[in-house]
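S.K.: Start from the sequences, fold in the hints, and give me the full structure.
Top to bottom, those sequences are chains A and B. Just so you know, the first sequence maps onto residues 1 to 327 in full-length UniProt numbering. Just so you know, the second sequence maps onto residues 1 to 712 in full-length UniProt numbering.
To be clear, the hints were calculated from the coordinates, so they are not data collected in a lab. Computed from a prediction, not measured in an experiment: that's the story for all the values here. It is possible that part of the hints are untrue.
[What the hints assert, rightly or not] With the C-beta cut set under 10 Å, the calculated list includes, among others, these residues of chain B facing chain A:
| id | residue |
| --- | --- |
| 1 | Ser142 |
| 2 | Val587 |
| 3 | Lys589 |
| 4 | Phe642 |
| 5 | Asp652 |
| 6 | Ile656 |
[To be verified] If you want the ones that stay clear, here's a sample from chain B, every Cβ over 10 Å from chain A, calculated:
| id | residue |
| --- | --- |
| 7 | Asp11 |
| 8 | Gly234 |
| 9 | Lys324 |
| 10 | Met370 |
| 11 | Pro390 |
| 12 | Ala526 |
| 13 | Ser535 |
| 14 | Lys566 |
The beta-carbon is built from N, C-alpha and C at its ideal position, and this holds for glycine as well.
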Amino acid sequence: MINFQYIRTTTSKAAVDSLGKDKTAKFIAGGTNLVDLMKRGVTAPEKLIDINNVPLKQIELKGNILHIGALATNAAVAEHAVVKQRFPLLSQALNAGASAQLRNMATVGGNMMQRTRCGYFYDITMPCNKREPGTGCGAKEGYNRMHAIFGTSEACIAVHPSDMCIALAALDAQVVIMNPKGERKISFVDFHRLPGATPEKDNNLQANEMIIRVEIPLNTLAENSYYLKVRDRASYAFALVSVAAGLELKSNRIIKVRLAMGGVAHKPWRLTEAEAFLTGKDATEVNFKLASEIALKGSKSFGQNNFKLKLAPNSIIEALNQAKSKA
Amino acid sequence: MKNSLLKDDTDRVDGIDKVTGKAKYFAEYQLPGITYGVLVPSTITKGTITGIDSKAAERAPGVLAVVSHLNRPEVKGYEASNTKPVPNGTLKIFYTDKIAFNGQPVAMVVADTYERAVYAAALVKVSYNKEIHATDFDENISKAKPPRNPSSAFYVRGEAEAYKNSAVTIEQEYILPTETHNPMELHGMLAHWDTENRVTVYAKTQGVKATQNTISSTFMIPMENVQVNSEFVGGGFGMALRTWPVEIAVVMAAKKVKRPVKLVITRDQMFTLVGHRPHAWQKIGLGADQDGVLKGITHHAIGQTSSYEDFTENIVNMTKFMYKSPNVNTSYKILPLDVGTPIWMRGPGEATGAFALESAMDEMAHALKMDPIAFRLKNYAETDPEKNRPFSSKYVDEAYKLGADKLGWSKRKNEPRQNKEGQWLVGYGMSTGVFSAGRGKATVRGVWYADGRLLLQSASSDIGPGTGTGMVQVAHGVLGVPVNKITFELGDSSLPPAPSQGGSATMSTVGSAVHDACTALKNNLAELAANSGMSVTDPIAEILKKNNLPSIEVTKESSPGNDQSKYSMYSFSIHFVEVKVHELTGVVKVSKIVSVGDSGKIVSPKTARSQMVGGAVGGIGMALTEESVIDHRYGKFINNNFADYHVPVNADVPDIDVIFINKPDPYTNPMGAKGMGEIALIGFSAAVANAVFNATGKRIRTLPITPDKILS
Ligand SMILES: Cc1cc2nc3c(=O)[nH]c(=O)nc-3n(C[C@H](O)[C@H](O)[C@H](O)COP(=O)(O)OP(=O)(O)OC[C@H]3O[C@@H](n4cnc5c(N)ncnc54)[C@H](O)[C@@H]3O)c2cc1C
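M.R.: Written out as structure tokens, the structure is:
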């Protein structure tokens with residue numbers, strides 16, 4: 001039997017401390033991703049640190065900033081009154097993910113840390129540089145319909161599967177991280193990484209660190225925001241492409257805009273150039289279309305995912321249309 | 001048959017057991033000393049095993065055996081001649097070093113707990129000599145060959161390829177990818193040898209007698225020494241219509257370790273070990289004159305099979321009789337590939353064929369600028385043009401009208417892209433489905449007790465349609481005994497014989513035997529009453545008391561009469577759908593469904609409706625979401641799990657209107673019923689594809705219709 005140690009911690013400090021001593025230790029939160037990966041033989045931690053009793057479930061507005069604890073469940077965040085009212089984009093994105101049962105278990109920290117759904121990553125008989133560096137990328141010339149069109153590398157074309165993270169990237173969130181020395185804060189868009197030559201690293205969290213919470217500043221986008229998720233079936237499917245769009249409009253003038261895409265890259269893909277283009281312009285179909293073309297610059301497809309080169313810009317337009325018509 | 005047969009409020013007799021967990025499925029049985037099997041699957045797709053190093057596994061805690069071709073116990077049927085008694089072509093498990101498909105079991109680890117077996121299975125090291133495999137249908141299509149049975153290979157009425165000479169012609173190819181049945185319940189078996197020569201199994205099967213027969217012939221022990229139990233089955237859709245090699249492996253392993261062995265295969269193994277709907281290529285040619293009269297229909301099909309077995313199904317059959325064209329020709333070939341053998345999946349080949357034929361009919365209607373229903377009515381076959389004889393009953397024309405009215409067909413414009421709601425293009429489509437209304441032979445034992453209870457027994461199965469519920473209603477119709485006093489026992493091989501549950505024939509076959517057994521009981525009671533100077537209307541308690549009997553009992557075998565050769569017996573379905581297609585994202589939503597069943601008398605309205613609803617849901621899957629993808633470089637399925645293989649979820653399914661013609665067929669059976677399980681799905685995918693065309697002007701001939709295909 002593959003034995004592993006299982007311990008429970010009640011404070012984040014204890015959790016981080018027990019990490020430090022053991023290189024193969026892993027936190028377990030909802031377990032909805034980690035347990036699958038263990039069953040499939042993708043990962044075999046020698047120690048599981050159950051963090052569910054660590055008091056990090058808070059969802060509260062502190063001044064101008066919403067604090068969401070790393071252990072708040074996806075369901076709790078999605079249904080929270082403040083989130084629904086002030087950050088509907090996040091609520092929509094969460095509810096577009098997984099299934100009700102999974103959202104009840106899944107946590108904010110676990111959602112950020114979930115691994116790609118690439119079939120080659122999951123099947124330990126297949127090559128995958130992310131799972132086993134140096135074995136090659138099965139997807140590049142294989143089944144890559146779900147795969148990335150931005151920021152890919154020779155080594156990896158996988159996408160980050162989260163919906164929640166797309167909204168958080170659009171909402172200028174920050175991630176608060178704890179390590180043995182204390183806390184540090186990084187911007188959400190810098191949390192996840194592009195694959196480069198080290199696709200085994202999904203993000204910039206270090207081995208001795210723990211996600212404590214996410215902070216989102218209040219914004220002016222609530223009235224005109226929309227999370228579009230295009231998928232193969234209406235629920236319980238990962239995104240082919242998703243778009244988080246938020247607009248602040250004055251008459252029809254775009255004062256502020258936030259755009260991020262999912263299903264297209266190894267990390268939540270923030271569309272800063274398209275945002276810059278749209279800012280100060282009128283919210284028209286023509287401008288949306290021009291923005292979508294700007295957003296697609298540098299994209300590259302791999303055969304079965306060629307359709308994303310059309311679906312991605314179309315989805316940007318649709319998400320902007322929907323966000324605009326919310327008012 | 002009297003109308004008393006229709007009792008709309010009869011619930012499933014086992015509904016409460018199912019939702020409360022009281023119903024027991026094979027994997028839930030425990031036996032003293034039980035052990036657990038876990039398979040070691042081949043990681044190559046074709047070649048030979050050069051070595052199995054099982055030392056570490058054998059030393060692992062709790063391990064009782066690592067069964068493989070190197071050490072399997074004697075299986076007498078495997079050693080006997082090639083054709084008998086084990087059917088020709090069946091993969092003899094753990095028999096040789098040959099690997100015929102990726103995932104083929106190389107060994108089975110048996111241990112005292114499931115977890116220990118899982119761990120030990122990971123320790124088994126297998127080495128191979130790899131050969132070049134062929135799993136890609138398109139690349140190998142030139143290797144297609146006619147099936148061994150030539151009668152299914154070619155058909156000509158009038159002149160072959162005559163469509164080409166018509167004023168208006170359509171010639172198109174249609175592709176269906178491999179689909180996997182994927183019932184919720186995983187496959188497997190629990191087996192225990194009670195003695196050297198007698199085995200009991202708990203199975204997931206659509207036919208307890210068929211399983212009994214296969215085990216009996218494979219191990220060459222008498223039928224009565226094989227006890228098969230399968231009272232509840234968590235869905236089959238056809239995949240449990242045969243006893244798979246893995247089941248034989250369980251019986252074999254139980255023999256080896258001399259303890260009960262339970263195997264429950266994993267979801268990814270559901271893709272490789274228990275069949276699938278085969279990938280199929282089809283080409284249809286239609287020729288019509290300007291008025292829309294069909295002059296020629298040609299239908300060629302190639303379906304995939306395994307390298308070691310000819311699997312065939314009826315892909316082209318509907319084309320032979322559905323429309324009254326004077327010239328029809330069909331051909332059917334199979335293409336052996338290095339995959340496991342396919343098996344019928346709900347609506348089997350007919351559903352594959354109907355997708356092509358009914359799509360082509362829609363294409364032709366469009367080319368003729370005719371309404372698709374008007375075009376079908378123009379070519380309506382009043383009698384069977386293939387066999388030149390009457391249909392036993394056919395109300396398809398009436399069904400077209402009922403369905404069209406219910407859906408609001410009048411909103412449909414013949415030109416595509418005419419209906420729009422915001423960014424959603426709205427379209428309407430319809431299609432026809434047909435399946436043979438077969439009836440076989442079955443035996444039912446009936447015991448009518450003095451207290452009024454009625455017990456009926458037959459070795460039938462219930463994979464979900466509600467067999468017991470239907471049978472109870474047939475009995476109620478004959479005897480008037482309240483349904484809550486009737487018990488129907490099935491799923492036990494020691495009961496009187498009944499065929500497997502497949503091909504939509506259970507109601508017709510077993511229902512007839514129930515009907516005949518109940519009629520015999522009624523006559524017996526009448527006789528007893530008369531003999532003792534009483535009347536049949538007297539309570540049964542008194543009649544039996546007078547005769548000193550605790551109960552009366554009959555065992556009745558029931559077979560179809562010769563009407564089967566005088567009439568063509570088919571069930572029909574007409575599917576209507578409304579779809580919405582998003583112009584920018586290519587997402588297709590089925591927004592309305594009306595399915596009309598022309599399947600004779602409806603014996604059990606609730607469960608009949610459920611059949612149609614389930615068929616429509618399966619039809620949405622076939623049309624929009626389901627596809628088993630192989631990475632041909634490895635010959636291995638890549639989306640072999642429930643997250644990536646998309647069966648429709650609730651959010652994909654709108655309200656489904658079900659309409660039944662509900663007119664008894666005079667010839668099929670005493671109830672006037674016809675089967676329903678298959679027609680519920682057959683043709684559905686074409687209705688969706690036709691509606692997508694009506695919405696978008698885009699004809700999609702390769703299923704499933706995913707957003708990428710709409711956008712391309
Ligand atoms: C069938 C299926 C469908 C799904 N569909 C979707 C979908 O459509 N959209 C979507 O967005 N998601 C989807 N998901 C993924 C789901 O959102 C994730 O599994 C879930 O969010 C993971 O959270 P968890 O708490 O269960 O994490 P766990 O499984 O407990 O942990 C996952 C990883 O996060 C690490 N971790 C957890 N908490 C912390 C922390 N505080 N600090 C540092 N590391 C931590 C763990 O060590 C582990 O490595 C799906 C999942 C499944 C199984």
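S.K.: Give a verdict on every hint.
M.R.: Evaluated hints:
Residue-level restraint check for B:Ser142 is violated (minimum Cβ-Cβ distance to chain A is 24 Å; threshold 10 Å). The closest approach between the C-beta of B:Val587 and any C-beta of chain A is roughly 6 Å, which is under the 10 Å cut-off, so the hint is satisfied. A distance limit of 10 Å between C-beta atoms decides the matter here; for B:Lys589 the minimum to chain A is near 7 Å, and the interface restraint holds. Of the supplied interface hints, the one on B:Phe642 holds, with its beta-carbon coming within about 9 Å of a beta-carbon of chain A, less than 10 Å.
The interface hint given for B:Asp652 is met, as the beta carbon of that residue sits about 5 Å from the closest beta carbon of chain A, less than 10 Å. Taking 10 Å as the C-beta cut-off, the interface hint given for B:Ile656 is violated, the closest approach to chain A being about 15 Å. Distance check on B:Asp11: its Cβ is at least 27 Å (rounded) from any Cβ of chain A, clearing the 10 Å threshold; non-interface status holds. For B:Gly234, the non-interface assignment is confirmed: its Cβ lies about 19 Å from the closest Cβ of chain A, beyond the 10 Å cut-off.
For B:Lys324, the requirement that its beta carbon stay farther than 10 Å from each beta carbon of chain A is met, with the minimum near 39 Å. For B:Met370, the shortest C-beta to C-beta distance to chain A comes to about 33 Å, beyond the 10 Å cut-off, and the non-interface label holds. Remark: the non-interface label on B:Pro390 is consistent with the geometry, its nearest Cβ contact in chain A lying 44 Å away (cut-off 10 Å). Every Cβ of chain A is farther than 10 Å from the Cβ of B:Ala526; the closest lies at roughly 57 Å, confirming the non-interface assignment.
For B:Ser535, the condition that its CB be more than 10 Å from all CB atoms of chain A holds, with the nearest at approximately 60 Å. At the 10 Å boundary, the C-beta of B:Lys566 stays outside the reach of chain A, the nearest C-beta of that chain being 46 Å off.
When the structure is compared with the earlier hints, violations turn up for hints 1, 6 and for no others.
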